[in-house]
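Use the sequences and the hints to build the structure in full.
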Amino acid sequence: MCLPAHAQGHEWLAPHLQDHPLVGQIWSPDEQRQLSREGLDERLMEAGILLLGEVHGNPDHHAWQLALIQTLAAADRPPALAMEIFDLEHQSRLDSLRAQGETDADVLADAAGVEDRHWPWDAYRPLVQWALDQDQPLVAANLSSEEAMQVARDGLREHMDEAERRRLGLNEPLPGPVGRRLIEHIVDAHCGFLPAERTGGMVDAQRARDAHMADRLLDTADRPIVLIAGSGHVRRDYGVPRYLQAREAQSPVLSLAFVEVREGDESIEDYTTATEGVYDVILFTPRQRITDPCDDFREQLEGMRKQSS
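Position one of the sequence shown corresponds to residue 0 (numbering that gives the first Met the number 0), numbered consecutively onward.
Quick caveat, the hints were computed from the structure, so don't treat them as lab data. We put the CB at the ideal spot given by N, CA and C, even for glycine. Fair warning: there could be bad hints in the mix.
Claimed, not checked - Derived DEER-like restraints, expressed as beta-carbon distance ranges:
1. E196 / V106: 24 to 34 Å
2. E196 / E265: 20 to 30 Å
3. V177 / D153: 20 to 30 Å
4. E145 / V177: 20 to 30 Å
5. P176 / Q128: 36 to 46 Å
6. D105 / G175: 41 to 51 Å
7. G276 / E37: 19 to 29 Å
8. S91 / P251: 22 to 32 Å
9. T102 / D269: 40 to 50 Å
10. C190 / G263: 18 to 28 Å
11. Q99 / D221: 21 to 31 Å
What follows is the structure, given as C-alpha coordinates:
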(Lines of atoms letter the chains of each structure in order from A and count residues from 1; the text may use other names and numbers.)
(Lines give C-alpha, C1' and ligand atoms only; values in the text may rest on other atoms or scores of the structure.)
Protein backbone atom coordinates (compact mmCIF):
# COMPACT_ATOMS: atom_id res chain seq x y z
CA MET A 1 0.00 0.00 0.00
CA CYS A 2 1.40 3.39 -0.99
CA LEU A 3 0.78 6.18 1.51
CA PRO A 4 1.69 9.86 1.42
CA ALA A 5 4.84 10.63 3.36
CA HIS A 6 2.91 12.34 6.14
CA ALA A 7 0.81 9.22 6.68
CA GLN A 8 4.04 7.41 7.48
CA GLY A 9 5.01 9.92 10.17
CA HIS A 10 6.88 12.39 7.99
CA GLU A 11 6.16 16.05 7.50
CA TRP A 12 3.01 17.44 5.97
CA LEU A 13 3.40 19.37 2.74
CA ALA A 14 1.10 22.37 3.20
CA PRO A 15 2.99 24.89 5.35
CA HIS A 16 0.42 26.28 7.77
CA LEU A 17 -1.03 24.84 11.00
CA GLN A 18 0.75 21.51 10.72
CA ASP A 19 0.63 21.12 14.52
CA HIS A 20 -3.12 21.73 14.75
CA PRO A 21 -4.72 18.98 16.90
CA LEU A 22 -7.17 17.92 14.17
CA VAL A 23 -4.56 17.49 11.42
CA GLY A 24 -4.53 13.89 10.22
CA GLN A 25 -7.87 12.96 11.77
CA ILE A 26 -10.25 10.99 9.57
CA TRP A 27 -13.86 11.67 10.61
CA SER A 28 -17.19 10.03 9.85
CA PRO A 29 -19.89 12.72 10.15
CA ASP A 30 -22.76 10.23 10.02
CA GLU A 31 -21.35 8.14 12.85
CA GLN A 32 -19.74 11.11 14.63
CA ARG A 33 -16.57 9.17 15.24
CA GLN A 34 -12.97 9.01 14.13
CA LEU A 35 -11.86 6.41 11.58
CA SER A 36 -8.54 4.62 11.36
CA ARG A 37 -6.71 4.46 8.07
CA GLU A 38 -7.74 0.82 7.88
CA GLY A 39 -11.35 1.85 8.44
CA LEU A 40 -11.07 4.36 5.61
CA ASP A 41 -9.61 1.71 3.31
CA GLU A 42 -12.55 -0.58 4.05
CA ARG A 43 -14.92 2.14 2.87
CA LEU A 44 -12.86 2.73 -0.25
CA MET A 45 -13.18 -0.91 -1.20
CA GLU A 46 -16.96 -0.75 -0.91
CA ALA A 47 -17.30 2.28 -3.22
CA GLY A 48 -17.80 2.02 -6.95
CA ILE A 49 -17.80 5.80 -7.32
CA LEU A 50 -15.31 7.66 -5.13
CA LEU A 51 -15.57 11.46 -4.93
CA LEU A 52 -12.45 13.19 -3.59
CA GLY A 53 -13.09 16.85 -2.75
CA GLU A 54 -10.09 19.15 -2.49
CA VAL A 55 -8.91 22.67 -1.94
CA HIS A 56 -7.32 23.26 -5.32
CA GLY A 57 -3.55 23.23 -5.08
CA ASN A 58 -3.19 22.02 -1.49
CA PRO A 59 -0.31 19.53 -1.88
CA ASP A 60 -1.54 17.32 0.96
CA HIS A 61 -4.92 16.93 -0.70
CA HIS A 62 -3.34 15.85 -3.97
CA ALA A 63 -0.88 13.52 -2.23
CA TRP A 64 -3.76 11.82 -0.44
CA GLN A 65 -5.76 11.58 -3.66
CA LEU A 66 -2.91 9.74 -5.33
CA ALA A 67 -2.40 7.50 -2.30
CA LEU A 68 -6.06 6.49 -2.20
CA ILE A 69 -6.06 5.77 -5.93
CA GLN A 70 -2.95 3.63 -5.50
CA THR A 71 -4.63 1.83 -2.61
CA LEU A 72 -7.50 0.87 -4.90
CA ALA A 73 -5.09 -0.24 -7.61
CA ALA A 74 -3.10 -2.36 -5.16
CA ALA A 75 -6.35 -4.16 -4.28
CA ASP A 76 -6.94 -5.02 -7.97
CA ARG A 77 -9.51 -2.24 -8.29
CA PRO A 78 -7.65 0.30 -10.47
CA PRO A 79 -10.03 3.20 -11.08
CA ALA A 80 -10.78 5.41 -14.02
CA LEU A 81 -9.93 9.02 -13.20
CA ALA A 82 -12.49 11.79 -13.81
CA MET A 83 -11.12 15.31 -13.36
CA GLU A 84 -12.58 18.77 -12.97
CA ILE A 85 -9.48 20.29 -14.62
CA PHE A 86 -10.54 18.80 -17.97
CA ASP A 87 -13.63 20.21 -19.73
CA LEU A 88 -16.03 17.93 -21.59
CA GLU A 89 -14.81 19.29 -24.90
CA HIS A 90 -11.27 18.10 -24.12
CA GLN A 91 -12.20 14.41 -24.09
CA SER A 92 -11.63 13.88 -27.80
CA ARG A 93 -8.18 15.52 -27.61
CA LEU A 94 -7.16 13.39 -24.65
CA ASP A 95 -8.40 10.22 -26.34
CA SER A 96 -6.68 11.08 -29.62
CA LEU A 97 -3.33 11.70 -27.97
CA ARG A 98 -3.54 8.47 -26.02
CA ALA A 99 -4.52 6.53 -29.12
CA GLN A 100 -1.31 7.87 -30.70
CA GLY A 101 0.67 6.43 -27.79
CA GLU A 102 1.26 9.64 -25.83
CA THR A 103 2.37 8.92 -22.25
CA ASP A 104 3.54 12.35 -21.08
CA ALA A 105 1.05 14.11 -18.80
CA ASP A 106 2.45 17.52 -19.74
CA VAL A 107 1.49 16.97 -23.38
CA LEU A 108 -2.11 16.22 -22.42
CA ALA A 109 -2.24 19.25 -20.14
CA ASP A 110 -0.95 21.51 -22.92
CA ALA A 111 -3.54 20.12 -25.34
CA ALA A 112 -6.31 20.88 -22.84
CA GLY A 113 -4.94 24.30 -21.89
CA VAL A 114 -4.88 23.40 -18.20
CA GLU A 115 -2.46 26.14 -17.15
CA ASP A 116 -4.07 28.64 -19.52
CA ARG A 117 -7.25 28.18 -17.48
CA HIS A 118 -5.30 28.89 -14.28
CA TRP A 119 -5.30 25.41 -12.79
CA PRO A 120 -2.19 24.64 -10.67
CA TRP A 121 -0.95 21.96 -13.05
CA ASP A 122 2.05 20.91 -10.95
CA ALA A 123 -0.39 19.72 -8.29
CA TYR A 124 -2.34 17.54 -10.74
CA ARG A 125 0.51 16.19 -12.86
CA PRO A 126 1.17 13.09 -10.67
CA LEU A 127 -2.49 12.09 -10.86
CA VAL A 128 -2.68 12.34 -14.63
CA GLN A 129 0.70 10.66 -15.01
CA TRP A 130 -0.52 7.77 -12.86
CA ALA A 131 -3.47 7.21 -15.20
CA LEU A 132 -1.15 7.25 -18.21
CA ASP A 133 1.45 4.97 -16.65
CA GLN A 134 -1.21 2.48 -15.55
CA ASP A 135 -3.20 2.79 -18.80
CA GLN A 136 -6.37 3.75 -16.95
CA PRO A 137 -9.15 5.91 -18.43
CA LEU A 138 -9.01 9.69 -18.07
CA VAL A 139 -12.46 11.28 -18.07
CA ALA A 140 -13.02 14.98 -18.78
CA ALA A 141 -15.73 15.89 -16.29
CA ASN A 142 -16.31 19.65 -16.25
CA LEU A 143 -18.40 22.13 -18.19
CA SER A 144 -16.24 24.75 -19.83
CA SER A 145 -16.26 28.23 -18.32
CA GLU A 146 -17.87 29.48 -21.52
CA GLU A 147 -20.78 27.06 -21.32
CA ALA A 148 -21.20 27.65 -17.59
CA MET A 149 -21.40 31.38 -18.30
CA GLN A 150 -24.08 30.71 -20.92
CA VAL A 151 -26.09 28.74 -18.36
CA ALA A 152 -25.65 31.55 -15.82
CA ARG A 153 -26.83 34.10 -18.35
CA ASP A 154 -29.72 32.17 -19.92
CA GLY A 155 -30.81 29.89 -17.07
CA LEU A 156 -31.26 26.13 -17.18
CA ARG A 157 -34.66 26.27 -18.86
CA GLU A 158 -33.36 28.31 -21.78
CA HIS A 159 -30.04 26.50 -22.07
CA MET A 160 -31.38 22.94 -22.37
CA ASP A 161 -34.69 21.38 -23.25
CA GLU A 162 -36.94 19.62 -20.76
CA ALA A 163 -35.87 16.13 -21.81
CA GLU A 164 -32.21 16.90 -21.17
CA ARG A 165 -32.98 18.57 -17.84
CA ARG A 166 -34.95 15.52 -16.80
CA ARG A 167 -32.21 13.15 -17.93
CA LEU A 168 -29.59 15.03 -15.90
CA GLY A 169 -31.80 15.42 -12.82
CA LEU A 170 -32.15 19.18 -13.29
CA ASN A 171 -35.89 19.28 -13.89
CA GLU A 172 -36.77 20.18 -10.29
CA PRO A 173 -35.47 23.06 -8.13
CA LEU A 174 -33.38 22.30 -5.09
CA PRO A 175 -35.33 22.01 -1.82
CA GLY A 176 -35.46 25.32 0.04
CA PRO A 177 -32.79 24.72 2.73
CA VAL A 178 -30.44 23.05 0.24
CA GLY A 179 -30.89 25.84 -2.28
CA ARG A 180 -30.14 28.43 0.39
CA ARG A 181 -26.93 26.61 1.35
CA LEU A 182 -25.82 26.61 -2.28
CA ILE A 183 -26.55 30.33 -2.56
CA GLU A 184 -24.48 30.95 0.59
CA HIS A 185 -21.63 28.92 -0.89
CA ILE A 186 -21.69 30.88 -4.14
CA VAL A 187 -21.91 34.28 -2.42
CA ASP A 188 -19.01 33.33 -0.13
CA ALA A 189 -16.96 32.13 -3.11
CA HIS A 190 -17.45 35.57 -4.69
CA CYS A 191 -16.46 37.32 -1.44
CA GLY A 192 -19.89 38.92 -1.13
CA PHE A 193 -19.45 40.93 -4.33
CA LEU A 194 -21.89 38.95 -6.47
CA PRO A 195 -24.89 41.15 -7.40
CA ALA A 196 -28.14 39.71 -6.10
CA GLU A 197 -29.66 39.62 -9.59
CA ARG A 198 -26.93 37.25 -10.76
CA THR A 199 -27.23 34.74 -7.94
CA GLY A 200 -29.92 32.61 -9.60
CA GLY A 201 -27.88 32.24 -12.76
CA MET A 202 -24.79 31.22 -10.80
CA VAL A 203 -26.83 28.60 -8.96
CA ASP A 204 -27.98 27.20 -12.31
CA ALA A 205 -24.39 27.10 -13.56
CA GLN A 206 -23.16 25.26 -10.48
CA ARG A 207 -25.98 22.75 -10.71
CA ALA A 208 -25.23 22.19 -14.40
CA ARG A 209 -21.57 21.52 -13.61
CA ASP A 210 -22.46 19.01 -10.90
CA ALA A 211 -25.07 17.25 -13.02
CA HIS A 212 -22.66 16.89 -15.94
CA MET A 213 -19.94 15.55 -13.64
CA ALA A 214 -22.41 12.94 -12.40
CA ASP A 215 -23.30 12.13 -16.00
CA ARG A 216 -19.66 11.49 -16.88
CA LEU A 217 -19.24 9.25 -13.84
CA LEU A 218 -22.27 7.20 -14.82
CA ASP A 219 -20.89 6.80 -18.33
CA THR A 220 -17.94 4.93 -16.78
CA ALA A 221 -19.77 3.20 -13.94
CA ASP A 222 -18.97 -0.31 -15.21
CA ARG A 223 -15.70 -0.07 -13.24
CA PRO A 224 -14.41 1.85 -10.20
CA ILE A 225 -14.06 5.55 -10.92
CA VAL A 226 -12.65 8.45 -8.90
CA LEU A 227 -13.67 12.09 -9.30
CA ILE A 228 -11.02 14.72 -8.52
CA ALA A 229 -12.84 18.02 -7.91
CA GLY A 230 -13.31 20.92 -5.54
CA SER A 231 -14.93 19.99 -2.25
CA GLY A 232 -18.10 21.93 -3.06
CA HIS A 233 -18.77 19.59 -5.97
CA VAL A 234 -18.71 16.45 -3.84
CA ARG A 235 -21.20 17.61 -1.18
CA ARG A 236 -24.08 15.22 -0.69
CA ASP A 237 -26.70 17.93 -0.29
CA TYR A 238 -26.27 19.95 -3.51
CA GLY A 239 -23.27 18.47 -5.32
CA VAL A 240 -22.56 15.50 -7.57
CA PRO A 241 -23.98 12.88 -5.15
CA ARG A 242 -27.40 14.50 -5.42
CA TYR A 243 -27.51 13.90 -9.17
CA LEU A 244 -26.12 10.39 -8.88
CA GLN A 245 -28.94 9.61 -6.46
CA ALA A 246 -31.54 11.27 -8.70
CA ARG A 247 -30.45 8.99 -11.51
CA GLU A 248 -30.43 5.91 -9.28
CA ALA A 249 -26.74 5.14 -9.65
CA GLN A 250 -26.21 1.43 -9.04
CA SER A 251 -22.62 1.75 -7.80
CA PRO A 252 -22.10 2.66 -4.13
CA VAL A 253 -20.94 6.28 -3.78
CA LEU A 254 -18.43 7.58 -1.22
CA SER A 255 -17.88 11.32 -0.81
CA LEU A 256 -14.62 12.26 0.93
CA ALA A 257 -13.56 15.85 1.53
CA PHE A 258 -10.12 17.05 2.52
CA VAL A 259 -10.73 19.94 4.90
CA GLU A 260 -8.13 22.53 5.86
CA VAL A 261 -8.02 23.25 9.58
CA ARG A 262 -8.51 26.80 10.87
CA GLU A 263 -6.53 28.61 13.53
CA GLY A 264 -8.41 28.62 16.83
CA ASP A 265 -10.96 26.03 15.67
CA GLU A 266 -9.62 22.94 17.42
CA SER A 267 -12.80 20.92 17.96
CA ILE A 268 -14.81 18.87 15.49
CA GLU A 269 -17.85 20.94 16.49
CA ASP A 270 -16.17 24.03 15.00
CA TYR A 271 -16.57 22.60 11.49
CA THR A 272 -20.10 22.50 10.13
CA THR A 273 -19.01 20.14 7.35
CA ALA A 274 -18.21 17.62 10.10
CA THR A 275 -21.43 18.10 12.04
CA GLU A 276 -23.99 18.53 9.25
CA GLY A 277 -23.09 15.35 7.40
CA VAL A 278 -22.58 16.84 3.94
CA TYR A 279 -19.75 14.36 3.30
CA ASP A 280 -19.36 10.67 4.08
CA VAL A 281 -15.79 11.13 5.31
CA ILE A 282 -13.63 14.14 6.20
CA LEU A 283 -9.84 14.15 6.42
CA PHE A 284 -8.33 17.19 8.13
CA THR A 285 -5.10 18.69 6.75
CA PRO A 286 -2.86 21.73 7.21
CA ARG A 287 -3.57 24.89 5.23
CA GLN A 288 -1.86 25.90 2.02
CA ARG A 289 -2.42 29.59 2.78
CA ILE A 290 -3.55 31.59 5.80
CA THR A 291 -4.35 34.85 4.07
CA ASP A 292 -7.94 35.48 3.03
CA PRO A 293 -8.29 35.27 -0.78
CA CYS A 294 -11.09 37.81 -0.49
CA ASP A 295 -8.53 40.35 0.75
CA ASP A 296 -6.62 39.87 -2.50
CA PHE A 297 -9.86 40.24 -4.44
CA ARG A 298 -10.70 43.50 -2.67
CA GLU A 299 -7.23 44.85 -3.44
CA GLN A 300 -7.70 43.98 -7.11
CA LEU A 301 -11.05 45.77 -7.18
CA GLU A 302 -9.56 48.82 -5.49
CA GLY A 303 -6.72 48.86 -8.01
CA MET A 304 -9.21 48.69 -10.87
CA ARG A 305 -11.18 51.59 -9.40
CA LYS A 306 -8.04 53.72 -9.09
CA GLN A 307 -7.03 52.96 -12.67
CA SER A 308 -10.46 53.94 -13.95
CA SER A 309 -10.63 57.19 -11.95
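Results of checking the hints against the structure:
1. E196 / V106: 24 to 34 Å: Given about 43 Å between the Cβ atoms, the range is violated.
2. E196 / E265: 20 to 30 Å: violated, 40 Å
3. V177 / D153: 20 to 30 Å: Holds, since V177 and D153 (Cβ atoms, about 23 Å apart) stay within the stated range.
4. E145 / V177: 20 to 30 Å: holds, 27 Å
5. P176 / Q128: 36 to 46 Å: Given range 36 to 46 Å: holds, Cβ gap about 41 Å.
6. D105 / G175: 41 to 51 Å: holds, 46 Å
7. G276 / E37: 19 to 29 Å: holds, 22 Å
8. S91 / P251: 22 to 32 Å: Given about 30 Å between the Cβ atoms, the range holds.
9. T102 / D269: 40 to 50 Å: Since the Cβ atoms of T102 and D269 sit about 45 Å apart, the hinted range of 40 to 50 Å holds.
10. C190 / G263: 18 to 28 Å: 21 Å Cβ-Cβ, so the 18 to 28 Å window holds.
11. Q99 / D221: 21 to 31 Å: holds, 25 Å
Going through the hint list in order, the structure does not satisfy hints 1, 2.
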